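Participant: As you go down the protein sequences, you meet chains A and B in turn.
Residues in the first sequence are numbered from 1 upward in steps of one, following our numbering.
Residues in the second sequence are numbered from 1 upward in steps of one, following our numbering.
What the hints contain is simulated information worked out from the structure, not anything from laboratory work.
Source: prediction; values computed, not measured.
Errors might be hidden in some of the hints.
A short list of chain A residues far from chain B (calculated; beta carbon distances all over 12 Å) [stated by the list, open to error]:
hint, residue
1, 95
2, 145
3, 180
4, 229
5, 241
Quick list of simulated restraints, FRET-style, between CB atoms [as the list claims (entries may be wrong)]:
hint, chain 1, residue 1, chain 2, residue 2, range
6, B, 58, A, 128, 53 to 59 Å
7, B, 99, A, 90, 33 to 39 Å
8, A, 276, B, 99, 23 to 29 Å
9, A, 93, B, 99, 15 to 21 Å
10, A, 276, B, 90, 55 to 61 Å
11, A, 184, B, 90, 36 to 42 Å
Every residue gets a Cβ at the ideal spot worked out from N, C-alpha and C, and that includes glycine.
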Amino acid sequence: MAIERRIPEPSASRPSEAGASSSSPPPYPVLQEIGAYLGFSEADARLLAEARPKLEPYFDELVDAFYEAVLANPTTSTLVRGDADRIPELKCSLRSWLDGVFSGNYDDTYAEQRERIGQAHVRIDLEPRYVVAAMSLVRARLQRAAADAFADDPRLPQLDEAIGRICDIELALMVDTYCRDYADRVRGVERLALFGQLAASIGHEIRNPLAVIASSVAVLKRRIEEPSALSKQVERIRRQVVLSEQIVEDLLELARDRDPDRSGFALESLVDQVLADLPHGRHVRFEKDIQFRDPIRADMGQIRQVLFNLLSNAVQAAGGQAVIGVVVTQEGSDVILRIEDDGPGIDADIVPRLFDPLFTTRSGGTGLGLALCKKIVEKHHGTIRAGNRDGRGAYFEVRLPQAT
Amino acid sequence: MSCRVLVVDDNADFAENIAEILDIEGYETHVAYDGTSALAYAADHRFDVALVDVRMPGMDGITLYGKLTELHPSATFFLMTAFSTEERLAQGLAAGVRAVLDKPVEVDNLLRMLPREPSP
């Protein structure tokens with residue numbers, strides 16, 4: 001289905017008088033609006049689809065030239081992180097994009113796919129100027145290919161214009177998505193910064209009354225003559241002070257914006273240390289599967305925190321006899337740390353919220369541990385995800401890039 | 001003679017609790033609630049250890065530490081703070097204190113660090 005009929009045939013006057021007569025706005029207004037503004041018509045759509053078989057032989061060369069330019073640029077080359085294995089996959093994606101450009105079908109599905117490309121650009125911090133420059137290169141190459149393939153064809157002038165218009169529509173969709181996603185991200189960052197300031201302020205202030213309570217507990221423990229019925233209450237207060245202090249510490253750590261100190265260290269050795277320090281009952285058994293033993297570039301203190309939090313969670317989730325797996329592998333230039341348990345698994349509804357600050361499913365849980373893990377991992381430019389294993393239990397997987 | 005400890009903190013509840021714990025553990029204690037009264041006490045009395053809160057109205061703990069150490073250079077000093085940052089920790093240690101203790105202070109840890117005997 002081409003862009004809606006209400007968009008007029010190409011004319012000298014601009015902009016068109018396209019105006020939606022439908023009662024609800026289209027889901028992808030930019031597609032309609034820019035298409036109408038540029039005068040992109042059904043005839044253009046048909047022509048692009050008709051031209052595809054003769055232009056396809058030029059696509060591979062265009063894709064190769066595109067990535068040569070990406071790799072030659074000092075900024076854009078870092079976005080593929082020097083990982084040669086990814087280039088064939090990226091070329092495949094670009095080839096698929098070209099197929100879409102010449103599909104003749106510019107409906108909501110098409111717009112949604114383009115929106116996802118814009119979102120990917122935000123995720124990898126690709127600035128719009130590179131998107132504009134890249135589209136300019138693509139447009140020029142496509143128009144050159146058309147000039148070559150349709151040299152004696154009277155449709156060439158219209159085809160040339162249609163290629164220009166569809167490339168501009170593509171660019172508008174990607175840039176519009178980028179701007180909206182970037183604005184959302186900035187708002188999110190500002191909210192986090194405010195949360196961080198508030199958290200730090202509250203955290204510090206609460207430490208003073210906690211100090212009084214803890215010191216009063218210490219006095220009571222020394223004053224109460226054993227055995228005493230009061231001892232249990234005093235111990236209960238002491239434990240809650242320790243928990244409160246942990247909440248404050250997690251809150252402050254979440255609020256801090258400390259850059260990782262990426263000295264090399266052996267992950268296996270850190271895993272052993274954390275397992276030794278982790279409180280757990282005799283019903284829990286740990287199994288290590290360390291397939292990568294080289295030093296990793298990360299902040300040892302912060303990764304220790306991540307390991308401790310993930311393993312604590314796994315221990316908490318463990319019911320009766322439990323086995324918790326710690327797996328370290330390498331994939332490309334990423335080191336992968338995976339914690340697996342054979343507990344009841346995670347409710348699918350809550351998986352998307354697991355890493356939100358203050359979200360917890362456990363009574364007594366602070367809701368900060370996993371949020372802190374996510375923050376630390378993202379500071380390392382890594383990713384963390386969770387889900388259910390095939391069979392029984394849940395997994396948490398941390399991916400830490402090692403390439404500079 | 002017992003080891004003498006000066007506790008300086010504007011939070012009276014905390015300061016008095018720490019002093020009571022130290023009394024039970026056999027120390028001789030004195031509590032001051034601000035820098036001025038701590039200096040007034042130090043002008044006429046010896047002490048072996050001082051536990052000084054960093055954040056106090058008027059004179060802060062690091063400034064007070066500087067003045068107290070001039071009067072009693074052989075005493076051992078600890079700073080206490082609920083607002084610890086790496087910068088503050090480094091500042092305190094560079095100034096020459098034995099340790100900077102985060103509040104809530106872990107009492108057993110504090111007792112392990114305190115000398116048992118008066119300084120010569």
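Participant: If a hint holds in the structure, say so; if it does not, say that too.
Facilitator: Evaluation of the provided hints:
Non-interface call for residue 95/A relative to chain B: holds, since the shortest CB-CB distance, roughly 51 Å, exceeds 12 Å. Once the 12 Å rule is applied to beta carbons, residue 145/A is consistent with being away from chain B; the minimum gap is 59 Å. Taking the minimum C-beta to C-beta distance to chain B, about 37 Å, the non-interface status of residue 180/A holds against the 12 Å cut. For residue 229/A, the requirement that its beta carbon stay farther than 12 Å from each beta carbon of chain B is met, with the minimum near 21 Å.
Listed as a non-interface residue, residue 241/A fails to keep its Cβ farther than 12 Å from every Cβ of chain B; the least gap is roughly 7 Å. A hinted range of 53 to 59 Å holds for the C-beta pair residue 58/B and residue 128/A, which are about 54 Å apart. At about 54 Å, the CB distance of residue 99/B to residue 90/A disagrees with the hint of 33 to 39 Å. Between residue 276/A and residue 99/B the CB atoms are about 26 Å apart, so this pair conforms to the stated range of 23 to 29 Å.
Between residue 93/A and residue 99/B the C-beta distance comes to about 57 Å, which lies outside the given range of 15 to 21 Å. Taking 55 to 61 Å as the suggested C-beta distance range, the pair residue 276/A and residue 90/B does not conform, at roughly 30 Å. The hinted window of 36 to 42 Å between residue 184/A and residue 90/B holds, with their beta carbons roughly 38 Å apart.
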